[in-house]
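Chemist: In case you want the letters, here they are:
Protein chains: 2
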Amino acid sequence: MELLTQPQHLAQALRSRREQLAKLINFPVVLWSGGYRSRNFPANTYPFRASSHFLYFAGLPLENTVIRLENGQLHLFKDDPPASSALWHGEMPKRDTIAEIIGADGAFPLSELASRVDNAATILVQDPITQTQQVQLLNRPVHPPKTATGIDLELIQAVIKLRSCHDEAALTELRQAAQISIEAHKAGMAATTRAKTEAQIRAEMEKVIVSHNTQCAYNSIVTVHGQVLHNEEYFHPLQTGDLLLADVGAETTTGWAADITRTWPVSGQFSPTQREIYELVLAAHDACIEQMKPGVEYRDIHLLAGLKIAEGLVDLGILNGEPSDLVERDAHALFFPHGIGHLLGLDVHDMEDLGDLAGYEQGRTRSERFGLGYLRLNRPLKAGMLVTIEPGFYQVPAILNDSENRDKYQNVVNWEKLEKFADVRGIRIEDDVLITETGTEVLTEDLPNQANQIEALVQG
Amino acid sequence: MELLTQPQHLAQALRSRREQLAKLINFPVVLWSGGYRSRNFPANTYPFRASSHFLYFAGLPLENTVIRLENGQLHLFKDDPPASSALWHGEMPKRDTIAEIIGADGAFPLSELASRVDNAATILVQDPITQTQQVQLLNRPVHPPKTATGIDLELIQAVIKLRSCHDEAALTELRQAAQISIEAHKAGMAATTRAKTEAQIRAEMEKVIVSHNTQCAYNSIVTVHGQVLHNEEYFHPLQTGDLLLADVGAETTTGWAADITRTWPVSGQFSPTQREIYELVLAAHDACIEQMKPGVEYRDIHLLAGLKIAEGLVDLGILNGEPSDLVERDAHALFFPHGIGHLLGLDVHDMEDLGDLAGYEQGRTRSERFGLGYLRLNRPLKAGMLVTIEPGFYQVPAILNDSENRDKYQNVVNWEKLEKFADVRGIRIEDDVLITETGTEVLTEDLPNQANQIEALVQG
Numbered sequence: 191m192e193l194l195t196q197p198q199h200l201a202q203a204l205r206s207r208r209e210q211l212a213k214l215i216n217f218p219v220v221l222w223s224g225g226y227r228s229r230n231f232p233a234n235t236y237p238f239r240a241s242s243h244f245l246y247f248a249g250l251p252l253e254n255t256v257i258r259l260e261n262g263q264l265h266l267f268k269d270d271p272p273a274s275s276a277l278w279h280g281e282m283p284k285r286d287t288i289a290e291i292i293g294a295d296g297a298f299p300l301s302e303l304a305s306r307v308d309n310a311a312t313i314l315v316q317d318p319i320t321q322t323q324q325v326q327l328l329n330r331p332v333h334p335p336k337t338a339t340g341i342d343l344e345l346i347q348a349v350i351k352l353r354s355c356h357d358e359a360a361l362t363e364l365r366q367a368a369q370i371s372i373e374a375h376k377a378g379m380a381a382t383t384r385a386k387t388e389a390q391i392r393a394e395m396e397k398v399i400v401s402h403n404t405q406c407a408y409n410s411i412v413t414v415h416g417q418v419l420h421n422e423e424y425f426h427p428l429q430t431g432d433l434l435l436a437d438v439g440a441e442t443t444t445g446w447a448a449d450i451t452r453t454w455p456v457s458g459q460f461s462p463t464q465r466e467i468y469e470l471v472l473a474a475h476d477a478c479i480e481q482m483k484p485g486v487e488y489r490d491i492h493l494l495a496g497l498k499i500a501e502g503l504v505d506l507g508i509l510n511g512e513p514s515d516l517v518e519r520d521a522h523a524l525f526f527p528h529g530i531g532h533l534l535g536l537d538v539h540d541m542e543d544l545g546d547l548a549g550y551e552q553g554r555t556r557s558e559r560f561g562l563g564y565l566r567l568n569r570p571l572k573a574g575m576l577v578t579i580e581p582g583f584y585q586v587p588a589i590l591n592d593s594e595n596r597d598k599y600q601n602v603v604n605w606e607k608l609e610k611f612a613d614v615r616g617i618r619i620e621d622d623v624l625i626t627e628t629g630t631e632v633l634t635e636d637l638p639n640q641a642n643q644i645e646a647l648v649q650g
Numbered sequence: 191m192e193l194l195t196q197p198q199h200l201a202q203a204l205r206s207r208r209e210q211l212a213k214l215i216n217f218p219v220v221l222w223s224g225g226y227r228s229r230n231f232p233a234n235t236y237p238f239r240a241s242s243h244f245l246y247f248a249g250l251p252l253e254n255t256v257i258r259l260e261n262g263q264l265h266l267f268k269d270d271p272p273a274s275s276a277l278w279h280g281e282m283p284k285r286d287t288i289a290e291i292i293g294a295d296g297a298f299p300l301s302e303l304a305s306r307v308d309n310a311a312t313i314l315v316q317d318p319i320t321q322t323q324q325v326q327l328l329n330r331p332v333h334p335p336k337t338a339t340g341i342d343l344e345l346i347q348a349v350i351k352l353r354s355c356h357d358e359a360a361l362t363e364l365r366q367a368a369q370i371s372i373e374a375h376k377a378g379m380a381a382t383t384r385a386k387t388e389a390q391i392r393a394e395m396e397k398v399i400v401s402h403n404t405q406c407a408y409n410s411i412v413t414v415h416g417q418v419l420h421n422e423e424y425f426h427p428l429q430t431g432d433l434l435l436a437d438v439g440a441e442t443t444t445g446w447a448a449d450i451t452r453t454w455p456v457s458g459q460f461s462p463t464q465r466e467i468y469e470l471v472l473a474a475h476d477a478c479i480e481q482m483k484p485g486v487e488y489r490d491i492h493l494l495a496g497l498k499i500a501e502g503l504v505d506l507g508i509l510n511g512e513p514s515d516l517v518e519r520d521a522h523a524l525f526f527p528h529g530i531g532h533l534l535g536l537d538v539h540d541m542e543d544l545g546d547l548a549g550y551e552q553g554r555t556r557s558e559r560f561g562l563g564y565l566r567l568n569r570p571l572k573a574g575m576l577v578t579i580e581p582g583f584y585q586v587p588a589i590l591n592d593s594e595n596r597d598k599y600q601n602v603v604n605w606e607k608l609e610k611f612a613d614v615r616g617i618r619i620e621d622d623v624l625i626t627e628t629g630t631e632v633l634t635e636d637l638p639n640q641a642n643q644i645e646a647l648v649q650g
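From first to last, the protein sequence lines stand for chains F and V.
Counting in our numbering, the first sequence runs from 191 upward without gaps.
Counting in our numbering, the second sequence runs from 191 upward without gaps.
Certain hints may be false.
Which copy? The list can't say, so a pair holds if one copy fits it or any two copies do.
Listed below are the simulated DSS-like cross-link pairs for lysine-lysine, each with C-alpha atoms no more than 30 Å apart in a straight line [claimed, not checked]:
1. Lys386 <-> Lys376
2. Lys284 <-> Lys336
3. Lys598 <-> Lys610
4. Lys483 <-> Lys213
5. Lys386 <-> Lys284
In case anyone wonders, no lab produced these hints; they're calculated from the structure.
Generate the whole structure from the sequences, applying the supplied hints.
Modeler: Structural data, given as C-alpha cells:
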C-alpha cells in the first residue's frame, strides 16, 4: 500500500516537530485529519485531503484519524478497517503498522479518545462533519481559527511558529512539488502551438501532475484572459496574438505544495507590446528576489514590486509622474491589484485557514489602501520561510473602467497610450522563493522565465 | 462565460421536465444547488458540483442557487455577484441572463425565497452547510432521502420516475460523456507499452477528459490490482504479465456521466489463461446485453451474468457442478461478488443519494444472499433507462482465503486448477447500455471489447 512507501526519515522528522511544539506549549493537543467529502452522493467522494495541521505532525493522509500530542509524545487514534472492507478496498494497513511508520508513542481505537481530551487544545478542520465531532468530543465550543481564544489560540500561534520555517523533511517534499510543477509548465508550453483551447493546455499540464501520482495543489488557472485573476474557465479557443497565463502547481502525497505561474504567447512569439510589459513584470520579479533575506519586511518587497512596475509604466509612457509618488497614490495597483505573494507549504496559501494570524505579524492588520490591502503576508522574512513572488500586470475592466478610478487617475494614466497595449490583458510571473540564512534559493529556478527562453520552449 | 454557451434546446427541455413533474405532484418544490466545499482552507475549494436533482431541473451548475417548481413554472433564486467580484472573477452572468438561458418564469434574489417555501417539498443535498440552510428555511426537519416521508418522499418518487428514463436533451449529454470516455480509454491503451506506472496511464486517460473541458464523473480506478474493487491507488509499477483494469468515465459540464471499464494486458498480449477468463467475462457481458429490453427484470440479467460466469468456470475446470445450481449456491459470487451494474445519468450510480429508492422497485429490498445483495438495481427495464453492464472476474484474497468460504465451497472450486490462473487477478468489462423500445443501444459500443481488438489498441 502506498502509505507504506514512506521515506525512513519521516518518523524522525515528525518526532522533531512535536518536540519543538512541546517547547512552545505545555498543554495537550488533539488534531483531527477530517473525512471524505461526498460530491453528488455519499459513495462518490472528492479526493480526500487531510487537514494540513494534522499532516504536519502525523505525516500521512489518514482519514478519520486523530492524533494527541503532549510533551513530545504522539498518540494515534484510528479505527482499523472492518474485515468486510478488505473485499472492496483490499488489505489496508492496520493502526499498529501506521503507528510504526510515523513513530507514534501509542496507538488506540477512536473510542479511546473521549477519555483523553481533557484540557486539550485543537484547531477546527474544514470538513463540517468532523467539526461537529470536534465540538462534541471536546464538549466545548471550538471557534473558527481566526476567532480562537485561550489554549486554542496559543496552539495556533505555536503551530504558526513551526510551520512558518520549513525543516529538511518539508523541503524535500516542497522541492519535489516544485520539480513536478516545473515539468508541468514545460509540457504546457510545448503543447501550445498544437492546442486549440485552454482546456487542452490544462490537460497537458495536469497530465504531468497526475502521472507523478501527485495532485493539483489548487484549481488550475489556464487562461487567455489572465486579467480575470481567479479564472477557472477553460473553454476559450486560443488565438494568435493571445497570451496564455498558467497558474498550476502540484501537491505531493503528503500534502506539500508548489505554486508557479508563467505567461506565454500562444503563437510562440511575444508582440512588441507584450514583450515590453513582460520585461517590466520580470524586472519587478527579479528586483524583489534580489532584495529578499532574513529580516527584510515582506511588505517592503511588495512595495518594491509596486515601485518597479510604476517605474516601468512611466518609462513606457502609460503612467505619468514620479514612481514613488505613484505607488503612494496606489497607481501601480490599477495594473497590479493583488499582493506580491504569500506563504507556501502544506497549503498553497499556507495556513490561510487561520485567517491573517499566520500571514500578519501580531499587532498588524490589513491596510485600507487598495495597493496594500490584498497583501497576504506582512511579516519580516526568516530563514526557512517559503514564499511566492508573483508580480503581474493586468487590464481588469472592473478597475480600469471604474468611473471613480477614471476620475482619480485621469492625469496619472495616459489612457491613449494604454490602448496601444490592448493585447496585454494579463501577465504574471510567479516563483517559489525559499529564504536562506544569507538570501534566497528559488525552488522553481529550473523553469525559465526570460522572454526569449519562454518563446523557445513554446516554439519547441 | 461558459454558462452562456448552452445549446438552444436547454430551456425547452427543462420546461418539459417540470411540466412532467407537475403531472406527478401538486405541491411546490424547492431545490438547492449546494455550495463550494473547502479543501484545506476556505478559499481553496474542490471543484463545484451542483446537486443532481437541481441540475435535472435547472440545467446549469450554478452555486448557491435555489429553484422553486410549481405547476410547471420555475422560479430562480440567486444573488447577483457583488460588484467587487468582477475584480477577481470577471464579469459573471447576472440572474436575469441565467433566467433567460434556462427559461425561468421568474428570477429573484435569495432573500425573496423565505416567503415562498410554505408547504414546499425538498431533497437534502450533500453539502452540510447547504443542508443547514434547507432546514432553517423550511423551518422543519429535512431527513436524508432514504428516510424521507410525506411530500418529500412523494417528490423523491416523482423525481425517480422522471430521471429513470432519459429525454433527448439528457441523451445528447450522455452520448457526449460516453464518446469522451471512449477516447480516454483508447488513449490509456495506446500509452501502456511506454508507461511505467499506473499513474502514467491514469494521466493519459484523464488528460483526454480534461482536454474536452469535462471532469471525471468519479475517482478513476486504474490498477494492476483489479481484484481490489474500489482501488484508488496508482503507484504500482507496470510489469509484463500484468493486466491493467481501468474504470474511468467523464462527466459533462452540466453533470451527465459515463462509466466505462476495460481490462488490457500491459504487454499488449493476453496470456492464455488471461484470454480464457477474458473471453468468459465478455461472453457474460454479451449475453446480458442480448437479453435486455423493456419489461425484462434487471435482477434476471444479473443472474444471467452469474450463470454465464459459472458455465464458463465449469468449462475451464475451475468450478465443479451444474451451472444453475452453482449460481443458486452463490459460487459465481466467489469470483463476481458485485452487481451486474446500476443506473447511470447525472450520477454515475444514478440517484444513489436516495438510497435504494431509485434502484429498487417499491416493495423490494436487498437480498441477504452474497450473490445478490450487492445488486444496486432491481427493477424491470424501461425504454429510456441507461444502465451499466459490468461483469467481472476477480481473485479477491478476502473472499477466496476466507475459511468459511473454503469450507463451504471446498468441493465446488477446483483450487488446484484455480492456481493456474494466478495471473488473472481482476478483469471487468463495463459498457453503458440504453434501453430502447425494442432492445438496447450500447452508448459505448465504439470502444472495442474483443480480446484481439484490445490487444491491437495496446500494441498501437
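Chemist: It remains to establish, for every hint, whether it holds in the given structure.
Modeler: Okay, the hints, checked on the actual structure:
1. Lys386 <-> Lys376: Cα proximity of Lys386 and Lys376: in one copy and across copies (17 Å, 21 Å).
2. Lys284 <-> Lys336: Answer is neither; intra-copy 36 Å and inter-copy 32 Å both fail.
3. Lys598 <-> Lys610: Within. Shortest intra-copy distance 22 Å satisfies the 30 Å Cα cut-off; inter-copy 82 Å does not.
4. Lys483 <-> Lys213: Classified as within: same-chain Cα gap 26 Å, cross-chain 71 Å, threshold 30 Å.
5. Lys386 <-> Lys284: between (48 Å within a copy, 29 Å between copies)
Hint compliance for this structure: hint 2 is the single one not met.
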